[in-house]
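When the letters of the sequence shown are read in order and numbered with UniProt numbering, they come out as residues 1 to 646.
Keep in mind that the hints were calculated from the coordinates and are not lab data.
From the three backbone atoms N, C-alpha and C, an ideal C-beta is built for every residue, glycine too.
Just to be clear, a hint being listed does not mean it is correct.
As the list claims (entries may be wrong) - The calculated lysine to aspartate or glutamate pairs, modelled on EDC-like cross-linking and capped at a C-alpha distance of 16 Å, are: (1) K27 x E194; (2) K104 x E183; (3) K468 x D452.
As the list claims (entries may be wrong) - Pair by pair, the computed Cβ-Cβ distance ranges are: (4) R469 x D231: 25 to 35 Å; (5) D30 x S580: 38 to 48 Å; (6) E431 x K461: 17 to 27 Å; (7) W26 x D233: 46 to 56 Å; (8) K461 x K11: 53 to 63 Å.
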Amino acid sequence: MVAEDGKSFVKRDTLKKIEAKIQSLWKEHDVYRAKSREKPPKPGEKFFGNFPFPYMNGFLHLGHAFSLSKLEFSARYHRLRGANVLFPFGFHGTGMPIKASADKIAQEIQQFGHPPIFPINEEDPVNQEEVEDANAGAPLETKFKGKKSKAASKSSGQAYQWEIMRSLGLSDSEIFKFCEPSEWLSFFPPLAMEDLKAFGLACDWSRSFITTDRNPYFDKFVRWLMRKLKDEDKIVKAKRYTIYSPMDGQPCADHDRAIGEGVQPQEYTIIKMEVAIPFPSKLGVLEGRKVFLAAATLRPETMYGQTNAWVLPNGRYGAFEVNETDVFILTQRAARNLAYQGFSRIPEKPSCLIELTGYDLIGLPLKSPLARHQIIYALPMLTIVADKGTGIVTSVPGDAPDDYMALHDLKSKPAFRNKYGVKDEWVMPFEIVPIINVPEFGDKAAEKVCGDLKIKSLNEKEKLAEAKRLTYLKGFTEGTLLVGEFAGRRVQEAKSWIRSKLMEEGNAIMYSEPEKHVVSRSGDECVVAQTEQWYISYGEPEWKKLAEECLSSMNLYSEVTRHGFEHTLSWLNQWACSRSFGLGTRIPWDEKYLVESLSDSTLYMAYYTVAHFLHDGDMYGDSNTSGVIPEQMTDECLVRISSRII
Numbered sequence: 001m002v003a004e005d006g007k008s009f010v011k012r013d014t015l016k017k018i019e020a021k022i023q024s025l026w027k028e029h030d031v032y033r034a035k036s037r038e039k040p041p042k043p044g045e046k047f048f049g050n051f052p053f054p055y056m057n058g059f060l061h062l063g064h065a066f067s068l069s070k071l072e073f074s075a076r077y078h079r080l081r082g083a084n085v086l087f088p089f090g091f092h093g094t095g096m097p098i099k100a101s102a103d104k105i106a107q108e109i110q111q112f113g114h115p116p117i118f119p120i121n122e123e124d125p126v127n128q129e130e131v132e133d134a135n136a137g138a139p140l141e142t143k144f145k146g147k148k149s150k151a152a153s154k155s156s157g158q159a160y161q162w163e164i165m166r167s168l169g170l171s172d173s174e175i176f177k178f179c180e181p182s183e184w185l186s187f188f189p190p191l192a193m194e195d196l197k198a199f200g201l202a203c204d205w206s207r208s209f210i211t212t213d214r215n216p217y218f219d220k221f222v223r224w225l226m227r228k229l230k231d232e233d234k235i236v237k238a239k240r241y242t243i244y245s246p247m248d249g250q251p252c253a254d255h256d257r258a259i260g261e262g263v264q265p266q267e268y269t270i271i272k273m274e275v276a277i278p279f280p281s282k283l284g285v286l287e288g289r290k291v292f293l294a295a296a297t298l299r300p301e302t303m304y305g306q307t308n309a310w311v312l313p314n315g316r317y318g319a320f321e322v323n324e325t326d327v328f329i330l331t332q333r334a335a336r337n338l339a340y341q342g343f344s345r346i347p348e349k350p351s352c353l354i355e356l357t358g359y360d361l362i363g364l365p366l367k368s369p370l371a372r373h374q375i376i377y378a379l380p381m382l383t384i385v386a387d388k389g390t391g392i393v394t395s396v397p398g399d400a401p402d403d404y405m406a407l408h409d410l411k412s413k414p415a416f417r418n419k420y421g422v423k424d425e426w427v428m429p430f431e432i433v434p435i436i437n438v439p440e441f442g443d444k445a446a447e448k449v450c451g452d453l454k455i456k457s458l459n460e461k462e463k464l465a466e467a468k469r470l471t472y473l474k475g476f477t478e479g480t481l482l483v484g485e486f487a488g489r490r491v492q493e494a495k496s497w498i499r500s501k502l503m504e505e506g507n508a509i510m511y512s513e514p515e516k517h518v519v520s521r522s523g524d525e526c527v528v529a530q531t532e533q534w535y536i537s538y539g540e541p542e543w544k545k546l547a548e549e550c551l552s553s554m555n556l557y558s559e560v561t562r563h564g565f566e567h568t569l570s571w572l573n574q575w576a577c578s579r580s581f582g583l584g585t586r587i588p589w590d591e592k593y594l595v596e597s598l599s600d601s602t603l604y605m606a607y608y609t610v611a612h613f614l615h616d617g618d619m620y621g622d623s624n625t626s627g628v629i630p631e632q633m634t635d636e637c638l639v640r641i642s643s644r645i646i
């Protein structure tokens with residue numbers, strides 16, 4: 001073949017003909033079908049290669065081929081050296097992405113017609129700054145991710161799902177069918193298989209399957225696995241804090257997120273700083289209620305040293321009903337999180353009585369628990385980050401470098417006080433309260449470290465970060481409390497006691513929020529909710545010990561890989577295994593829930609060893625090649641099978 005520009009493709013075309021001929025021979029002779037041998041294999045005489053089955057919400061791409069090439073090379077190498085190679089391949093449909101995309105298409109038809117006519121010049125809903133910052137600052141040795149963020153790789157540049165489907169080469173009449181989630185499972189997996197065959201994948205296609213109840217045999221396998229775990233008390237129902245999508249109405253695990261993979265709930269203590277009466281006119285509509293500035297802190301044990309509260313002058317706040325009598329002043333974002341944690345008069349719906357700015361709060365007289373002063377005041381701080389905590393910050397200048405420098409600025413700069421209407425009596429009488437003795441820094445650690453580092457203002461962010469690191473690390477690990485009923489105790493011992501005491505006396509509550517910005521694949525900003533659901537207890541001591549022993553005996557060929565597994569085992573405790581939205585297998589004893597998309601994928605490798613007997617290459621299990629129907633796949637049958645393969 002010769003192109004118009006005169007270039008010849010004879011060599012390429014010859015190679016393609018050879019490729020097609022050889023692939024035809026592979027298929028004719030079924031050369032990659034794995035067969036058991038008469039005698040058990042000796043070490044080195046078998047090789048089982050597994051590739052994480054790709055998700056079927058689109059076509060495969062070069063990234064799949066690149067990753068797969070490593071396993072492809074290994075499988076062929078071991079086959080050449082005479083090993084009996086088992087290299088199967090499956091397809092994943094469990095979870096929320098397909099259902100969410102199908103729902104988007106249906107919504108777009110309802111809103112814009114069929115075929116839809118979209119507004120012109122709509123912006124891409126994925127914020128590029130958020131994409132780039134989704135995992136900013138994450139240590140590489142514990143994240144184990146590619147350089148491109150998950151959000152960046154998932155975003156396509158199109159604002160609408162219909163446009164995404166068009167970009168895949170689908171016609172409008174074809175796209176309409178994708179309103180039904182089942183269409184995704186029917187359309188993409190066979191095409192993925194054809195692409196992999198064209199790639200020349202040296203795998204045993206007789207063992208292929210797709211997850212979800214679309215394959216009734218695999219569905220039976222997952223149901224058995226879940227029942228077995230529950231019978232062994234490895235699955236429990238409990239309430240806990242979890243990242244949650246209000247739009248989807250369910251927890252949002254890593255694989256359900258467009259932005260924020262790896263983000264966990266961050267736990268705070270909210271200190272209830274009661275606004276003293278009489279209220280200023282701006283808060284007049286709140287008369288008769290108990291009104292609190294809700295200050296989020298990670299250091300409740302330092303509340304003995306409070307001198308004031310901090311607010312962001314141009315920050316946007318609201319007065320939100322917590323219950324029939326109490327009102328919290330905080331940011332709308334924090335109120336939304338609290339509403340899903342049981343702290344809203346209307347469950348899951350923040351109820352804002354009045355909107356406020358930080359300027360409205362400056363000068364509020366406060367009665368704060370554990371503070372030495374009967375009344376302290378709300379003062380301006382310009383470095384508060386509104387998307388962390390509640391937007392209200394307690395000030396402990398003896399322990400916190402930021403607080404020390406901010407209070408120092410207010411005291412030493414009359415013009416600064418005048419700019420924000422700060423009266424002298426709100427700030428000048430309040431001195432550092434020594435609360436913790438740190439051997440290296442004394443009882444005013446923040447003042448000492450700021451002086452040593454020659455910090456002059458809050459603008460010296462790098463120096464302040466170092467000062468904070470030094471004072472917090474030394475104070476927590478080596479510090480001793482000087483005040484209160486736990487005086488003489490080490491800080492790290494007293495922290496939980498003081499926190500519990502504050503909550504028992506009604507002066508504080510527990511609060512949690514995502515440690516970074518999280519967006520679900522449905523485009524919803526996630527919160528932390530206290531949800532009751534089914535969990536797999538991976539952190540159960542005896543079970544965890546078995547996993548650690550197994551890991552220690554494995555040859556992983558890389559210390560980085562070993563560190564990744566060890567890190568995961570260190571934090572993995574209760575894993576939410578149930579979902580109320582998406583596709584998958586139903587929880588057998590609680591069928592309003594689906595099995596979560598990683599929990600049906602823990603032992604699918606074992607299913608490959610019997611899949612060819614049950615449906616011999618029919619990934620959907622529609623052809624009854626074995627004579628065994630799905631209903632015959634009872635627990636007793638699967639126990640018998642598993643005793644031989646697991």
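Hint check results:
no., hint, result
1, K27 x E194, "holds, 13 Å"
2, K104 x E183, "holds, 14 Å"
3, K468 x D452, "holds, 13 Å"
4, R469 x D231: 25 to 35 Å, "violated, 48 Å"
5, D30 x S580: 38 to 48 Å, "holds, 43 Å"
6, E431 x K461: 17 to 27 Å, "holds, 26 Å"
7, W26 x D233: 46 to 56 Å, "holds, 48 Å"
8, K461 x K11: 53 to 63 Å, "holds, 59 Å"
In this structure, the one hint that does not hold is number 4.
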